[in-house]
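With the hints as constraints, model all of the structure from the sequences given.
Going down the list, the protein sequences come from chains A and B. For the first sequence, our numbering gives the first residue as 236, with consecutive numbering after it. For the second sequence, our numbering gives the first residue as 236, with consecutive numbering after it.
Quick caveat, the hints were computed from the structure, so don't treat them as lab data. Mixed in with the good hints there might be a few duds.
Since the list can't tell identical chains apart, any single copy or any two copies may satisfy a pair.
Stated by the list, open to error - Keeping only pairs whose Cα atoms sit at most 20 Å apart, straight-line, the calculated DMTMM-like set for lysine to aspartate or glutamate is:
hint, residue 1, residue 2
1, K434, D472
2, K384, E327
3, K381, E543
4, K516, D474
5, K410, E586
No experiment lies behind these values; they were computed from the predicted model shown.
There are 2 protein chains.
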Amino acid sequence: MQLTRRDFARFGALGLAARFAPALNAQNPTRKTGYAIIGIGRIAYHFMAGIQNTTNSSVTALVSGHRDKADKVAAQYGVPAGSIYSYENFDEIAHNPNIDAVYVALPNSMHAEYTMRAARAGKHVLCEKPMSTSVTDSEAMIAACKAAKVKLMIAYRCHYEPFHMRAIQMIRDGKVGQVQEISSCFGFNIAPGEWRLNKMLAGGGPLYDVGIYSLNATRYLTGEEPAKLTAVMSTIDHDGRFNEVEENMAWTTLFPSGIVASCSTSYGANTGGYFKVYGSKGWLALDPGFNYDGVHMHGFVDGQVIDELNPSRDPYQFTAQADHFSHCVQNNLEPNTPGEEGLKDMRLIAEIYRAARMGA
Amino acid sequence: MQLTRRDFARFGALGLAARFAPALNAQNPTRKTGYAIIGIGRIAYHFMAGIQNTTNSSVTALVSGHRDKADKVAAQYGVPAGSIYSYENFDEIAHNPNIDAVYVALPNSMHAEYTMRAARAGKHVLCEKPMSTSVTDSEAMIAACKAAKVKLMIAYRCHYEPFHMRAIQMIRDGKVGQVQEISSCFGFNIAPGEWRLNKMLAGGGPLYDVGIYSLNATRYLTGEEPAKLTAVMSTIDHDGRFNEVEENMAWTTLFPSGIVASCSTSYGANTGGYFKVYGSKGWLALDPGFNYDGVHMHGFVDGQVIDELNPSRDPYQFTAQADHFSHCVQNNLEPNTPGEEGLKDMRLIAEIYRAARMGA
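Structure follows, in structure tokens:
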């Protein structure tokens, strides 16, 4: 089976889509795409390290509420003092020609505001997942980027991870036969005090944070959109961590072809992050599959046992992701994971919560 | 954490319950419990082989529609010709003093009739799972056995498998911390022509057949009964196998404590049969867990990696199961998996189908 036109659009990592796109809004391809990093938290360090391994991207500005931290990072990445912004003077990035794009790595609920402000400043936006904390915000983000004629990509790093791409292609090629069921899980035992436990900042519990990996995976593995969703959620530990968001969420998806997916996520247990795809002729798993490295393919495919570790080390996924977005910016291409991809997950997250709130 | 009183009743494999039970209805303990095997299919061969390894049980009669097959088995197990019955003269087992109990290994929908006829003949009943194909039939089976003052046990062999019992005890002892989530799956790619594909005989699809292992496991692992169930089902392959029963079923369970379980079963993919329990301090899996042998414990428990294979070979589970039921018969004890345990699963199966039929 060949990749369908939809696959082609979504997994254009294959690189062909580029050839036919008009060359509007493209950056001068002879220089690197300069990024302003918004929110210097844990994931931003991975992203900046990833950028250093690209040939087409560089860190050219920082946006932070902590000037000390920003100065330290600026020294490491050669960012001039004049390119360090606070949240107050953020909009001045509009006047900085070394900033082509922003990377939004703030708490979830702040994605919308800074994406839209960046768009108004004429900058392309690479925004972390979840795209935002509501469907409305997500739609506004897409509209703002369209209006400003800037690109919006959601940082679904697994779409730029070679083993995930191989898994998709193997499934499309029928290597496990007809897919019947998918099982996926991603959870960890969260420490008290994390912003992720603040509903206003996070939007909700582990589904927004790590569960979205499983949700997104069931969509890229099947190439389908859910026809039916069911869910349950719970909080078990009354130790102060879960006063605002739930601890566990499990959901089941029926896809139009009949493929069923069982997924769960937790802030109360280190489940690892994996998916397993069961087909009529074999199975395929990435376990672990959602970590920054150590992605391990297991399976029984085409009558053969597969057991293969991707030896690439962190930040290789961030490198591939930045490389892709910069390539899109430089060549006026639509990213493989545009805002619309993020919006689909946001709509499904809303559906999962709706289902979880339904009675027994 | 200690086993609760309920655990104690259910997992009396610990052997203590016996001491306090009245000695009514007990067989003379000096001789083996004699079994009539009803339905000489695949699983009956395992059961008979299992009996041979017990010290308290023996095959003393056969019930079959195929006299040739019965004669062959009779020769192997030393069953006299006079103790071979057909389905027509089955009720004559009442007059055979060498038959203490029957083992019902017929297609699911026939369990009820032969359990009740055996009870009326004054014989104890060990019935394969699923107990029957309806809640009504299951209730009638329990009532018939109570009225006849015979014991009824459902053949949930995992309750007599040491690694399953160890897993339960480890979980009760808090070795993985507070359990948050359970994932379990059991499915296989079914061959055309099996009676399991006939709805009248089977009752339904893979949930009745192998999915019941996951369903039952989530109950014995948690020691709780579901508070909420959601489900989806599907048939993907239109190749003649699934004209009567569905191919796939996935369901999610919320338990009163907040533990969530994600389970699925399939007749379209060899998923293996396993469970994984994720807790706040570790995890524990039997993978594979539901096969006749090769039960493999994996986990991270008490800060230690566990990776241990149960070296016991088939038919050890059938031996343990027959040994337990014969012990109950001889000492007038309630089996660990009585009819009521089977009925609970039957009610849940009905609930899962109801949930699966609900719209998107």
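Right, here's what the structure says about each hint:
1. Taking CA atoms no more than 20 Å apart as the test, K434 paired with D472 passes inside one copy only; the shortest distance there is 17 Å, against 43 Å between copies.
2. Taking the shortest alpha-carbon separations for K384 and E327, only the intra-copy value of 18 Å comes in at or below 20 Å, while the best inter-copy value is 87 Å.
3. When the C-alpha separation of K381 and E543 is checked against a cutoff of 20 Å, the pair qualifies neither within a copy, at 41 Å, nor between copies, at 57 Å.
4. Only between protomers do K516 and D474 lie at most 20 Å apart by alpha-carbon distance; the minimum there is 15 Å, versus 46 Å within a single protomer.
5. In this assembly of identical chains, K410 and E586 lie within 20 Å of each other by CA distance neither inside one copy nor across copies; the values are 32 Å within and 35 Å between.
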